[in-house]
Every structure is written in C-alpha cells, then in structure tokens.
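Trainee: Model the placement of chain E on the given structure of chain W, informed by the hints.
2 protein chains.
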Amino acid sequence: MKHVILKSLAVAGLAAGLSSAAFAQPKTVTIAVSIPAATHGWTGGVVYHAEETAKQLEKLHPGLKVIVKTSPDGAAQANALEDLMAQKVDALVVLPFNSDELTNPAREVKKRGTFITVVDRGLKDASIQDIYVAGNNPEFGRVAGKYFVDNLKQGNVVVFRGIPTVIDEERVTNFEKALEGSGVKVIDKQYANWNRDDAFRVMQDYLAKHPKIDAVWASDDDMALGIMEAIRQSKREDIKFVLGGAGMKDMIKKVMDGDKMIPADVSYPPAMIATAMNVTAAHFYGSAPMRGTYVLNAQLITKDNAKDHYFPNSPF
Amino acid sequence: MKHVILKSLAVAGLAAGLSSAAFAQPKTVTIAVSIPAATHGWTGGVVYHAEETAKQLEKLHPGLKVIVKTSPDGAAQANALEDLMAQKVDALVVLPFNSDELTNPAREVKKRGTFITVVDRGLKDASIQDIYVAGNNPEFGRVAGKYFVDNLKQGNVVVFRGIPTVIDEERVTNFEKALEGSGVKVIDKQYANWNRDDAFRVMQDYLAKHPKIDAVWASDDDMALGIMEAIRQSKREDIKFVLGGAGMKDMIKKVMDGDKMIPADVSYPPAMIATAMNVTAAHFYGSAPMRGTYVLNAQLITKDNAKDHYFPNSPF
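Order-wise, the sequence lines are chains W and E.
According to our numbering, the first sequence is numbered sequentially starting from 66.
According to our numbering, the second sequence is numbered sequentially starting from 66.
Hints listed in this document are in silico derivations from the structure and should not be mistaken for laboratory results.
Be careful, since some hints might not be right.
A pair counts as met if it fits within one copy or between any two copies, since identical chains are not told apart.
[Said to hold, decoys possible] Result set (DSS-like, lysine-lysine): computed pairs, CA atoms no more than 27 Å apart in a straight line:
id, residue 1, residue 2
1, Lys250, Lys134
2, Lys368, Lys218
3, Lys92, Lys120
4, Lys300, Lys314
5, Lys92, Lys130
6, Lys372, Lys130
7, Lys242, Lys368
8, Lys124, Lys92
9, Lys176, Lys124
10, Lys130, Lys211
11, Lys368, Lys325
12, Lys130, Lys120
13, Lys92, Lys218
14, Lys134, Lys175
15, Lys92, Lys325
16, Lys372, Lys153
17, Lys368, Lys176
Chain W on its own, in the form it takes in the complex (with noise of 0.2 Å):
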C-alpha cells in the first residue's frame, strides 16, 4: 500500500513536471515564538515583526513550521510556555515579559531539549539561552550624544531619562560621555518612565524653568510625542530639534520626510525579533554554528537611510 502510495505520488510529480529532487523529505522543525502582546507601541512592533517574519521563513524552509504566540502579561507568557511542552517544539524564542516570572518556565521549556532563544530582556540564569538577541544601550547613548556634538555642535539640551534601571543608565552614562569636550550642555535630566503623558509633564516643567533651550534629547520616540506637543502648546521657538529614539514609524516617517523638528533617530527595532527567528531557523537549516550572543547595533536613523527603517504596515 505504502509502494502504491509512493508511486502515485511520483506519477504526479512527473506530470507537474517536477524533478525527482521535489521528493527529498523537507527537514520538519517547528519554532514557537512567546511574545509580549502589542500593549503598547514598541510591543505592537515585535507581534507585526513575528508574524510576517513567520511568514517569510515558512516559505524559505518547507517543512518548517513558525508558531507566534503573544501574552498580555508575565503570568499569562509563563503558563504559555508550560503549554508549549505539551507540543512538540524544536525551538522556543522568547521575549520575556521580564526576568523574574519567566526565567523558571524558560528552564523546564530547555530541558525537554528544546533550542532557546532570548530576545532583548534576559533571563536570571544566562545558561538557559542557547542564542540571546539585543539592543546596543551602550551604542544608543553613544550615537545620540555624537549626533548633538556634530548636529548642535554647540547649546543647551535637557534630557529625559526612561524608568531607573541597567539600560537607562547605560544609554544616559554613554550620552553624557559622548558630550565631553563639546560645547553641548546638559541643563537637565529627569525620568519620564518611556511615557508619553509623563514626558509631555516633564517638558511643560522644562519650558517652565529654562528660558533657553537648543535641543532635546527625548531618548525614545513616546516620549518625543508628549514633548513635541509641550512645545507646540509653549508656542516656544528656541529649540531646534528633538532626538527620540527606537524607530517609531511615524517619527521616521518625519525623518523621510525632512522634518527639521525631527532630523533624526535612533534605532532599537522592534524587528529584533524577527533577527533571532532568522539565527534560530539558521541553526536547523545549514550547519552554521549559532550558539551566542547577538547584539545589533544602535544605528542614526537620517533621510538617507529612514526608508530601511520604515514599515508601513506595522503599527509603530
């Protein structure tokens, strides 16, 4: 029967006119990929990224098979992962919701023997992660501090800081080392938690206190729409540009577009994760070595380079 079967299926080979090469058996693996849900605007990016991205590599490898699976919070992205052992999964890429709620779902998910994939927040136990993808926040502070020294060369600038933690430190620290020498001072700094209204309220206290101000580093792109709306109610025209940070579409667009408010950003892409499901698939298909550490750079988004950073079709 199974002859019979074999057979057949040749004959239709034969007739579609495809070579004996078509019947090589695709290699089978399946990834799973256990994503933030698109709460807000830089996680809506990741869930748009992983889905096309799904796409893209189930069609450049039969036989594998992309899962994508969001979780609205810690908690929900934990059971996720333990449902995930009851499917058969070679492959499990994770962006965690954060450390502390994952980190024990991620082991019992690694010793089934599955391949793992961290994305941007790492886990406490760094020996689980097979492969781990990040950001530069070192590298964001650096080129946002290089772009006033060139751009601004010389003036005031107040700083927004995001919440307190390792990766607003090491951006900050990195900017402000970036400025030294230059004729670009740091008026101010404050946190604004990557928030749009809390950045919008920081900047109406900036206008408030400092009757000059050149420039703005809003160090994320939520946080550059609250500012941006504090200086269009201020009706102040002292200040030359805003530079936000991590690739929002619409604040790439203005860069596209020659907006002199927003000349520039700076990239922490949400497409990150459409990076480790390519490296992963990579480790099944070829015989590269992928066990490591990738990190991407911060890149200076400008009009020359805006159009590789833009999707239109992704919410941010």
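Mentor: Relative to the frame of chain W, chain E by itself:
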C-alpha cells in the same frame, strides 16, 4: 522584441508545469567571501565551510551568487579586495589575515557602498564593519577551567599558551579565574605559539621538570597533538587527560570514540565563516536588522554532543 521573449519564456514555464509565481524575479545579490587559503589546519576548515555554505545559500536563495576567494597572505588578500571593487558585489565577508594590511582595503570597499561583515580578527577601525562575527575568547578559557574543576577536582596542571596576544591573554586569565578556590593548581605555563612542534618541545621540558602532572590544558588542538606525542614517547602514565581547543576533526573523533586521554574539547569553530555568511545573506533576504556583533559561544564538546561538531569531509 522584449515582449516576444517574455512570451516564449512564459510558454516554456507553463510547459514545465511551473506556476506563475515562479516568474517573480528573484532578488539578485552577490556576496564575496575573502578568506586565508588553507595554510594551516584551522584556515583549512574555514575554506571548507565557506565553500559548503556558498552552495547551501545559493540553493536557498535563487538570485544569490556567492564568490569565495582565498589568499595565501595578507598582501595577496589586500590585492584581492582591490580586484573585488572592479566587480559589482553587494557584500563582502572578510576574515582578515591581519588588521594592519586589511583595514585600508576594506575601508575602500566599504566606500563603494558594499555591506561589510568581518570575521574573527577585527579591523583597526570598527566603523568599517556592518556585522562582526567572532569567537568568545574569555569564555573559551572559562569553559576549559570549569572542565578541570568539575572533572579533575584536584591536582597539578600544566598550561600551554599560544602567541602573546589579547586573545591568548583573555583565554588564560579566564582559565585561571575559573580554577580559583578549587584544588586544581597550575604548576607551569609557557608559550608554544599554537604550534604542534613547539608544543612537543615544551611538553618534553614539562615532563623533565615535573615528576607529577595530573592533566594538561593544551588550549589548542594543534598543540594537543604535539603534547600527545611527547607523552607517548615519555611513557609517563601520571597524566589523566589533555584538553585542547578549536574543534579539529581528529580530536572530535577521539571524543566521540571515548578516548580517555581526550575526553573533551572546547569549540572555536572555523565554521564561524558559515555563520557570517548566513547573517549576511539574511540582511539581503528578509527584513530583520542584522547589523551588529555576533559573538559565538565557546562550547564544551563531550561524547554527548560531539556529533554536532564533527565534519568528516572537512580537512580540519
């Protein structure tokens, strides 16, 4: 005329039973790979993996052309990069002989708008590279040290250093750090230039000086071969094992076969050229950000995972 040709192509396509999707123009990309010729074991592995991966990637991405060019020395490699500029290449993957001779030629290639991936040995100006792929030298030492702590537990170890370089320093420092607080003692360490004959002589010296040696950190598979020969000639039976490094085929085979003197190895894979070619191709095929630094793990290779590191057709 153009119309007629397209029409007859369409007819040929239908005759072959292909769907119209097959007519979507595949994206044309040319990647040049510039590597040292197979002047010694490790670079022989680099050449093998570059050529194998070129075939794999060309099969995966219709429209991709990969040109692998080997050079016998740094000056020849610099000339090879100049020749490449006459051709239209979209990307260059380069494992430089050395930083001094290759930095300027690589910069010139970059100026033409070519995407640059640097492998293993960095250039003097990191801003030239879009991607950097390298081994993890501190981890290479740490993993080896941990192996001695876990398996020898206590005893006298002699250490072989390579050539006085940053790489060697990072390896040895982290090896010794991993031994701290354990019963494993380094009783001697000498340079043997990652060379088999030098290691043979240094091991003869160690054997003459030290009446009791429990294990040897060769730190390199070429050196391990010389060391094994010196031990064999001495007929000494106090040495329990020799730990090399790199992933040489003959050594991996011994690990697979359960050779008591070579129970493990630490990876520093020549196949990192394949990793570099994979991530470079992914930059062109797909939308994931790939610019960054990819540091591959130094992995402990034991009987359990040796088959993943064994390439019987490779010269290394």
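Trainee: Next step is simple, just say for each hint if it's right about the structure.
Mentor: Comparing the hints with the structure gives:
Neither within a single protomer nor between protomers do Lys250 and Lys134 lie at most 27 Å apart by alpha-carbon distance, with minima of 45 Å and 50 Å respectively. In this assembly of identical chains, Lys368 and Lys218 lie within 27 Å of each other by CA distance solely inside one copy; the values are 20 Å within and 60 Å between copies. Both within a single protomer and between protomers do Lys92 and Lys120 lie at most 27 Å apart by alpha-carbon distance, with minima of 17 Å and 18 Å respectively. In the homo-oligomer, the alpha carbons of Lys300 and Lys314 lie at most 27 Å apart inside one protomer (25 Å), although the nearest pairing across protomers, at 70 Å, exceeds that limit.
Proximity of Lys92 and Lys130 under a CA criterion of 27 Å is satisfied in both settings, with 11 Å inside one chain copy and 24 Å between copies. For the homomeric pair Lys372 and Lys130, the shortest alpha-carbon distance between copies (25 Å) is at most 27 Å, but the shortest distance inside one copy (30 Å) is not. Taking CA atoms no more than 27 Å apart as the test, Lys242 paired with Lys368 passes inside one copy only; the shortest distance there is 26 Å, against 48 Å between copies. Proximity of Lys124 to Lys92 under the C-alpha cut-off of 27 Å is found in both arrangements, the shortest distances being 13 Å within a copy and 15 Å between copies.
Taking CA atoms no more than 27 Å apart as the test, Lys176 paired with Lys124 passes in neither setting, with 30 Å inside one copy and 34 Å between copies. Taking identical chains as interchangeable, the C-alpha atoms of Lys130 and Lys211 are never at most 27 Å apart, the minima being 43 Å within one chain and 37 Å between chains. Taking the closest pair of Cα atoms, Lys368 and Lys325 come within 27 Å of each other only inside a single copy of the chain (11 Å); across copies the shortest separation is 62 Å, beyond that limit. When the C-alpha separation of Lys130 and Lys120 is checked against a cutoff of 27 Å, the pair qualifies both within a copy, at 9 Å, and between copies, at 24 Å.
Within a single copy, Lys92 and Lys218 get their C-alpha atoms no closer than 56 Å, and across copies no closer than 42 Å, so neither meets the 27 Å cut-off. Taking the shortest Cα distances, Lys134 and Lys175 sit within 27 Å of each other inside one copy (18 Å), while across copies they are farther apart (40 Å). In this assembly of identical chains, the alpha carbons of Lys92 and Lys325 never lie at most 27 Å apart, being 51 Å within a copy and 35 Å across copies at closest. Taking the closest pair of Cα atoms, Lys372 and Lys153 come within 27 Å of each other only across two copies (23 Å); inside a single copy the shortest separation is 39 Å, beyond that limit.
Taking CA atoms no more than 27 Å apart as the test, Lys368 paired with Lys176 passes between copies only; the shortest distance there is 19 Å, against 47 Å inside one copy.
Consistency note: the structure conflicts with the earlier hints numbered 1, 9, 10, 13 and 15.
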